[in-house]
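So the sequences go chain by chain: A and U.
When the letters of the first sequence are read in order and numbered with the numbering used here, they come out as residues 87 to 176.
When the letters of the second sequence are read in order and numbered with the numbering used here, they come out as residues 1098 to 1328.
Since the hints were derived computationally from the structure, they do not count as laboratory data.
Just so we're clear, the structure is a prediction, and the values are computed from it rather than from any experiment.
Every beta carbon over 12 Å from chain U, so not counted as near; a handful from chain A, in silico:
hint: 1; residue: E120
hint: 2; residue: K173
hint: 3; residue: A176
Simulated restraints, written as ranges between beta carbons of each label pair:
hint: 4; chain 1: U; residue 1: A1266; chain 2: A; residue 2: D153; range: 17 to 25 Å
hint: 5; chain 1: U; residue 1: E1310; chain 2: A; residue 2: D94; range: 23 to 31 Å
hint: 6; chain 1: U; residue 1: E1269; chain 2: A; residue 2: P111; range: 32 to 40 Å
hint: 7; chain 1: U; residue 1: L1208; chain 2: A; residue 2: R113; range: 45 to 53 Å
Beta carbons are placed, not taken as given, at the ideal position from N, Cα and C, and that holds for glycine.
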Amino acid sequence: MEVQASKDVVATVRGVLADVLGLSPERVAGFDAETPLFGALPELDSMAVAGVLTELEDRLGILIEDDEVDGEMLETFGQLVAFADAKARA
Amino acid sequence: MIDYYDWPGGREAMLRFGPADGPVVLVAMPFWEEANRTRAVAVAMLRRLADRGIGGALPDWPGTGESLIATEQASIMQWRDAHQAAAEALGDRPCYAVSIRGGALIDGFALLAGRWHLTPMTGEAVLRDVIRVRAAAGLRGDEHGVFGAESPVRVAGNRVSPHFLAGLAGAEPYDQPGVPRRVVRLGHDRAPADRTIDAVPPWRRAEPQEDPELAALLADDIAEWIASCEG
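Work out the full structure: start from the sequences and follow the hints.
Written out as structure tokens, the structure is:
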């Protein structure tokens, strides 16, 4: 399934995952909306989640409240992009 | 070389690099798990500085590394005292602080020739990260929970004393009048800096990684800054 969001946001989320999780750009480029993240990537521990969120804030100029952080937004690549996209549009 | 220094609460290990005289940098690492992730880059940076004739010291703080003190017993005031004691143990060479992230909050007591801060954080920013890591770990991380906890607060596998966290409130990196300070930041960080380097911050990496290019860039920046300070 294709990811529905602005190209900038999709590229930013890919870049953040590659940088924070130390994944190869090729691997991250292969992520689609259904690619599972939380629970599926061993690299995504609590420090990494915090790092991903903080980097997304810095790169997209958004502010993420801690009560918005839940397993659902991190479940798949598509859900993380949708969350970031909604924030970037707000 | 593994050396040590004495501080009022005991003795801690200190890795030493480079020549035994001339300018020396004293590294204050980021806090907790970030220190583990940053260590490889810091050591490579110190080796490069040694190649350029600048000494280096990388101490453990009370409750970190080989310290006999439990992590949960450590306080930020102890770390400031330990930083000062480590600087004094380096003798009367010109000593420059190289402080990374939260490390910039503990270099305020020592007599230093200058402070070089990599992505310095306020105490509030450190606390915000703590709350976020705990939120990500599925733990309740509201302020009351953090400050009111009787037992140590778990932060990414480290047991941190509530006293340590309380000591962060209102803490700011020290910019001492008349003493040179340089601020370097990495990546997409937009906060004010003397220089921003396009690199992935090592403390963000889920797995500690070598980054010889970044280590060399940082070491060269420090060496040139020290040369300008020494005039």
